[in-house]
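Just so you know, the protein sequences line up as chains V and C, in that order.
Quick note on my numbering: the first sequence kicks off at 1 and runs consecutively.
Quick note on my numbering: the second sequence kicks off at 1 and runs consecutively.
I should point out that these hints are in silico values taken from the structure, not numbers from a laboratory.
Hints are all accurate, no fakes.
Across the chosen pairs, the derived CB separations fall in these ranges:
{"no.": "1", "chain 1": "C", "residue 1": "Glu28", "chain 2": "V", "residue 2": "Leu11", "range": "51 to 59 Å"}
{"no.": "2", "chain 1": "V", "residue 1": "Leu286", "chain 2": "C", "residue 2": "Pro37", "range": "46 to 54 Å"}
{"no.": "3", "chain 1": "C", "residue 1": "Asn92", "chain 2": "V", "residue 2": "Tyr109", "range": "21 to 29 Å"}
{"no.": "4", "chain 1": "C", "residue 1": "Thr107", "chain 2": "V", "residue 2": "Leu286", "range": "38 to 46 Å"}
{"no.": "5", "chain 1": "C", "residue 1": "Ser64", "chain 2": "V", "residue 2": "Leu82", "range": "51 to 59 Å"}
{"no.": "6", "chain 1": "V", "residue 1": "Leu289", "chain 2": "C", "residue 2": "Asn92", "range": "13 to 21 Å"}
The beta-carbon is built from N, C-alpha and C at its ideal position, and this holds for glycine as well.
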Amino acid sequence: MRRAQLLIAILFLILGLAAPLVVRSDYLFQVLFRVFLFAALGLAWNLVGGYAGQLSLGHAAYFGAGAYGLAVFSKAGIHPWLALLLGVLLAVLFAALIGGVSFRLRGPYFTLATIAFAEVLRVAAKNLAAVTGGDVGLQVPGLFVKSSGRSLYLAAVLLTAVALCITAWVSRSKFGYYLMAIREDEDTALSVGVNATRCKLRALLISAALTALGGGLYGSLFLFIVPDQVLSIDISSEMAIVAMLGGAGTFLGPLIGSVILESAAELLKNIFHEAHLLIYGLLIVLVVLFLPEGIAGTLAHRLRRKSAIAAPPFKAPGPVSS
Amino acid sequence: MALLELNRVSKRFGGLLAVNQVSFSINEGVVAFIVGPNGAGKTTLFNLIAGVFHPDEGNIHFASKEISQLSPDRAVHLGIGRTFQIVRPLRNLSVLENTMLGAFLHTRSPAKAAEEAEKVLRFLQMGNAMHLPARGLSLPMLKRLEIARALATRPKLILLDEVVAGLSTSEALALAELLRRLPEWGISAVAGVEHVMQVVMRMADRVIVLDHGTMIGEGTPQEMVRKPEVIEAYLGSKYKELGL
Chain V
1 MRRAQLLIAI LFLILGLAAP LVVRSDYLFQ VLFRVFLFAA LGLAWNLVGG YAGQLSLGHA
61 AYFGAGAYGL AVFSKAGIHP WLALLLGVLL AVLFAALIGG VSFRLRGPYF TLATIAFAEV
121 LRVAAKNLAA VTGGDVGLQV PGLFVKSSGR SLYLAAVLLT AVALCITAWV SRSKFGYYLM
181 AIREDEDTAL SVGVNATRCK LRALLISAAL TALGGGLYGS LFLFIVPDQV LSIDISSEMA
241 IVAMLGGAGT FLGPLIGSVI LESAAELLKN IFHEAHLLIY GLLIVLVVLF LPEGIAGTLA
301 HRLRRKSAIA APPFKAPGPV SS
Chain C
1 MALLELNRVS KRFGGLLAVN QVSFSINEGV VAFIVGPNGA GKTTLFNLIA GVFHPDEGNI
61 HFASKEISQL SPDRAVHLGI GRTFQIVRPL RNLSVLENTM LGAFLHTRSP AKAAEEAEKV
121 LRFLQMGNAM HLPARGLSLP MLKRLEIARA LATRPKLILL DEVVAGLSTS EALALAELLR
181 RLPEWGISAV AGVEHVMQVV MRMADRVIVL DHGTMIGEGT PQEMVRKPEV IEAYLGSKYK
241 ELGL
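Here chain C stands alone, though its shape is the one from the complex (with noise of 0.2 Å):
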């Protein structure tokens, strides 16, 4: 069953078309990655599927409800995590009271919270940086942050916006294997990366190309990769005699 449909969206912004006509579903259990340059409409799709931007034309449906003029809490509330591109923690709160501001979603108890947020941050191996201060912090540890405390609101779907960004090979891939395993954990994940292929062909179940707010592709990694239009607009011709 598909958890997130979006039917035909766009979004303008003034003049500029950020999103147009886009249209994928996506199913439970699923690690989905939407790739595309600097300025192809990743973070408005992200923003408009989390409620902080409406579409101006199309819908978007999330587990069979129409979602398209929801605010960005209530979007929370019906199990749809984000992170930031650009790291937004709390930085005066530590890196636990961080992640149990997710947790707080479901309990009044800030025991509890903190019962919950541990767990997520064991899961993300941030176990013994739990009491430091956000400020402080790295910023593979920061990605990690933003990440478990959309976690921690125990969504179905998780937007992931460039999780990889500004991260080294070894660090993106060490993420991504710990995305791989959302699944277990009963939650689908769409993440944007910008050109970490090597993330993208060993991690998505899906991948989505998106190119000046138009999709050009959607299907496996390996359909992606072989595609003429995904080729010539993005991964350029040295991807066709690597002969990923």
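Pulled out of the complex, with its shape left as it was, chain V reads as follows (with noise of 0.2 Å):
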């Protein structure tokens, strides 16, 4: 199944990097930017908030640090791809930040925790008008010259690219199932010498880089940005919900829910205008209801369960003879 998994992947990834020989219209283009975007984006929010199982609702603070830091540092004169890796220097400072505080707390005092850091962040960049520009917002520099849309999507497909590999590496590492542990029982974690502060904040400096990186290319395709978009909390939940919808924990869940999230969001933008919002809602509640485990994570179930069927049946150990 492993490997079944891995084969889909580098499909989808051969697709992406395919599509820009078919598709010609501009418009198609940012849609699947966004769905790259996005599964990128699940897949780092996937590491803290499935593999380790900390609901972080503020990912939207380093999502913002990747993009105002593009903006901030190349107005400063600094080459737009060094203000890039500037802006993730800057989004992994507020992550060992944030979670050296947040991560002490547990379960929805920890979301709690991270959707206020993220808050304040926002509230920051619209007062310190003389770095971010406020409300007026900022402009920032295109990191490609020539055809910027196509570049750009593609440096969205080589993201997830990257975040699959490292969703690999750490799904079958001990690193991953330190994660899991602590995710199922942090307790359990605890005495088998697991020191779950530091690996949580392993885990979210890795994912505060990879949205940092997110950040920055969605504020190069748009060229401005203002706070209450690059900072706001509809990022941070719109990352979760791309990741619990194709399933939280699993390899393959955030590029399913990519897919289908950011394909309906535009499909019903375009057929009920203003609406589209409250069908996406529903969706949402529909799947946390029927699909609590997402769709990966269903699918992974009912596959196990049937391999289970088909194994010997278990035979309890009697007393031993001594």
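Each chain sits in its own coordinate frame; assemble them with the hints.
Spelled out as structure tokens, the structure:
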């Protein structure tokens, strides 16, 4: 099953890379850009929210750090790509601070803390007009000079590929097992020697770096950012929803989630105009109610049950003869 | 040589003195049982040794090192494994994966961890349950899984909190027989039990009797069941009549 999942992921990436050969419309490129961007963001979120089970709803902080890092540092005369890198560093720094404090909390308290930190950053960005331009916004340089839309799209595909590689590594490493142990029961994890705080922090740092790269690409596509856009809770929740719809804590989940959610959002927007958010909300309610493990999670569950039935029946050990 | 040594250890929760001036030591290769009724302070004592709580007074030494202020994950690294009174499996992981988590203490490689976990599971006679998810297991199996996870960390000392609670007598005896073999692996054990005296009498090298946080006796099982204070506080006069 592992191999099948890897194969699907590779196939998906090849399709993504081949799309520019057939797709000509700018609009379609933008839709595809969103699909891959949120696949990558969902995968980034999944490391913390899925594998480690820490429901962060404040990832906009890192997304915004990437976008604003790119804009602010390049305004100061730094080359855009280097500015993007500085934005990533800024996000990692934020992650260390936010994680260091909020990982001491568990469950809903952790989630509330992540929301609070992201909101603080949003309000700060609105008020620090000298640096961020405040509500007026800030211009973002293009990362690519030629055929920017298509290049950014390919960059998003590449980011998804990187996020998939990291997820593949995590899901089969000691680090990944430790994260899952923390998700299942943090006290049990401690009892086998897992340094839970350090593991969670490490996952968050990787997640924040990927998220910041996504933020940079997003800013570079729109060429202009305001705090209410890149630092809003909408970004945070969309990252979480993409992963949860597809299946939090699964390898392919965020990919599936993004394809469905982003294409559905576009379609609904065209058909229902402003009412699309209503249907979007309904979709999320239905998933939470009927597919709590997400699409990939439910599928994996079904398949596993089938193979468990096929396996020889389990015989409980009797008393030992001494 | 004493592997574990408690020296006048006390722990207070608000007005409640949960553990009061408890001192004892346990040598290598010993299976010791801490006996005491519900609320006697057994779990608190285990939590003190495992680093979950820190003593208000007194100190704890493990392998000649002071461990009174250690964190739980550091305690595991020193060689103190533990199980929980109320089983805490990683529900969505398989039995093998649950056990592998313990084995990861000494290796980075999932393949090596799986190999080590398999060995432990076979010892505990759980070999054919390896690939089942932990959430579907019966209580006796979950109890064993707790022990498997702790054993896979290759501890020098394993703390077994209420190791037979909720098991039938035959299940309890089967499990205790396995524990009896732990010293072969170079592991000492401290197990807490509330009432299965049959298990204690058969398996224990040493018995420590707690009552309301205070130690009221320590010695071999035979010594303990003859001690008047122990009989009065805990066993009841019935045991005297039985002449164990």
